[in-house]
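Just so you know, the sequence shown maps onto residues 700 to 1008 in our numbering.
In short, the hints are calculated from the structure, not lab data.
Nothing here was measured: the structure is a model prediction, and the numbers come from that model.
Among the clues, some could well be false.
Listed below are the simulated DSBU-like cross-link pairs for lysine-lysine, each with C-alpha atoms no more than 35 Å apart in a straight line [said to hold, decoys possible]:
1) Lys953 <-> Lys901
2) Lys1004 <-> Lys901
3) Lys953 <-> Lys1004
The calculated label-pair distances, taken between Cβ atoms and stated as ranges, are [said to hold, decoys possible]:
4) Arg860 <-> Leu772: 14 to 24 Å
5) Gln816 <-> Asp922: 26 to 36 Å
6) Glu1002 <-> Gln770: 20 to 30 Å
Just so it is clear, CB atoms sit at the ideal spot from N, CA and C, and this is done for glycine as well.
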Amino acid sequence: MIRVDDLALFERSAVLGGFSEAAREADLLPGQVSAAIKRLERELEIRLFARSTRSLRLTAEGERYLPYARQVLQALREGHAQLHQERKELSGLLQIAAPSDLGRNVLLPWFTAFRRQHPKLTLRLFLSDRVTDVFREPVDVAIRYGTPEDASYVALPLAPRNRRVLVASPGYLERHGRPETLADLQRHDCLLYLLGGRVYDKWIFHDGEQRVVAHVRGPLQADDAHVVHRLALDGEGVVYKSWLDVAEHVRTGKLEVLLPQLTGEATPLHLVCPHRQQFSPAVQLLHDLLRQRCEAVAGLMPEPKPQAT
């Protein structure tokens, strides 16, 4: 019989990329995690990880099994959260940090809907493009783009398949024309924002298996991604943004996707907690709500369309 704890250690080992990291997070010895994975492999009669002295990676069978493991664990968490909710109404203060653009334009109505469901709960929101230190600053959870690199905190996926898309307003395209290749971006006004204090002016795409980089420039820059989004809506230039940020404006026709034959840079979204002990009922329910809504939006992301030959 498959043990739930073994399943959870498999999922965390896959996310963190190692048994030692998963062991540290669960306050176990690496050998205990290794033994749990071996037990699970015996039950499934497959090999989940390819191990070497220097690396650990999922096998093809492990890749296929991981989504099912996550579904089981998520169902158990949701059941636990629901029972907990029935026993005790949520109350107290929940402090949340989120990116500026995503927070204002996408998450804010979801946060307010969540608070209405739990009227005794107070939400304190910190909306900024500065990366919040969840260990040092007064936040309970942070919503973050990118692949987690620090194994010392818990990162739960919200939209793991989210990517950037290149967009511009119909008004801008009418005045300046539509770029047909990455090289065409050299003659367009590209709207730039700062990441980590540096201008993000190297836009990464994939053309099939090939990684390509566009070096762009433009007359308007901002340290707030929300401002850059607004400038794009006002017809001031081309912007390269997370699909989650711009999906609604693409749906309503206020922005149009450009160069659809290319695959944009991966920008998975996660909910980050400093410690598993802080994964409270309120955080669990918030994660469930955000994951469902983010996955619904991410599911509408356009797939690359090969150019006609």
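Inset, instruction - Mind checking the hinted window 26 to 36 Å against the Cβ distance between Gln816 and Asp922? - result: Check passed, 34 Å falls within 26 to 36 Å.
Inset, instruction - Determine whether the Cβ-Cβ distance between Arg860 and Leu772 falls within the hinted range of 14 to 24 Å. - result: holds (19 Å)
Legend entry - Range agreement (Cβ of Gln770 with Cβ of Glu1002, hint 20 to 30 Å): Holds, since Glu1002 and Gln770 (Cβ atoms, about 23 Å apart) stay within the stated range.
Legend entry - Satisfaction of hint between Lys901 and Lys1004, Cα-Cα up to 35 Å: With Cα atoms ~23 Å apart, Lys1004 and Lys901 stay inside 35 Å; holds.
Inset, instruction - Assess, step by step, whether the Cα of Lys953 is no farther than 35 Å from the Cα of Lys901, and give holds or violated. - result: This hinted pair holds, its Cα atoms lying about 25 Å apart.
Legend entry - Pair hint outcome, Lys953 versus Lys1004 [Cα-Cα no greater than 35 Å]: Holds: Lys953 and Lys1004 sit about 21 Å apart, inside 35 Å.
In this structure, none of the earlier numbered hints is contradicted; all agree with it.
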